[in-house]
Amino acid sequence: KQEVTQIPAALSVPEGENLVLNCSFTDSAIYNLQWFRQDPGKGLTSLLLIQSSQREQTSGRLNASLDKSSGRSTLYIAASQPGDSATYLCAVKRDSSYKLIFGSGTRLLVRP
Amino acid sequence: SQTIHQWPATLVQPVGSPLSLECTVEGTSNPNLYWYRQAAGRGLQLLFYSVGIGQISSEVPQNLSASRPQDRQFILSSKKLLLSDSGFYLCAWSETVEAFFGQGTRLTVV
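Protein chains in written order, with the numbering used here: chain A, 1 to 112; chain B, 113 to 222.
Calculated from the structure, these hints are not laboratory results.
Treat the hints with caution; some may be incorrect.
[As the list claims (entries may be wrong)] Derived DMTMM-like pairs: lysine to aspartate or glutamate, alpha-carbon spacing no greater than 20 Å straight-line:
id: 1; chain 1: A; residue 1: 42; chain 2: B; residue 2: 171
id: 2; chain 1: A; residue 1: 68; chain 2: B; residue 2: 210
id: 3; chain 1: A; residue 1: 1; chain 2: B; residue 2: 171
id: 4; chain 1: A; residue 1: 42; chain 2: B; residue 2: 197
id: 5; chain 1: B; residue 1: 191; chain 2: B; residue 2: 138
Next up, chain A with everything else stripped away, as it sits in the complex (with noise of 0.2 Å):
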């Protein structure tokens, strides 16, 4: 069964601060990998998808990278702004109708 863990929990940086999130699973037979950020009480805002083929997905600041063998994902912030303080997860798939397994997020605070 698939696992999917997120370290850490919460995180507290001062604007301007270069950063990684942590995404962790268990089976390394995934479909793809997507980041998501979450505003307080809103939906989910896809942020980067990586397939399974993929090393790494870069937007702007975000950075994602993939490392199957291992089970790991990290998402690099760069220049931390107090606008990207959100919760952000990740979400692996098996395969492409497969339903979306979720971290529990990190939650980002970067203060002014």
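Fit chain B to the given chain A structure using the hints.
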């Protein structure tokens, strides 16, 4: 472009009352559809997912049911709400790759 609509945004219902939450997707056909629940301070729990009309898979035994009467419509229902049904309900859709979420419904059962 594809869009997902979920309503209502908030709902306060008494214990024992029925529930109907609706989700529709535009701009795609035969999407995979999902209902998730997020309890306060907890992760997302998959409730139901559907790969086609009338095809519903239930992940967790519970007081809720789901239906997909049309290709791009997904409905979450209950005949009698319990206090434990309170939470934040999210609908999502996916074709083969990326998943997209609605804005959620905050349900409070009183």
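Hint check results:
no.: 1; hint: 42(A) x 171(B); result: violated (23 Å)
no.: 2; hint: 68(A) x 210(B); result: holds (18 Å)
no.: 3; hint: 1(A) x 171(B); result: holds (13 Å)
no.: 4; hint: 42(A) x 197(B); result: holds (18 Å)
no.: 5; hint: 191(B) x 138(B); result: violated (28 Å)
The structure is inconsistent with the numbered hints 1 and 5, although it conforms to all the rest.
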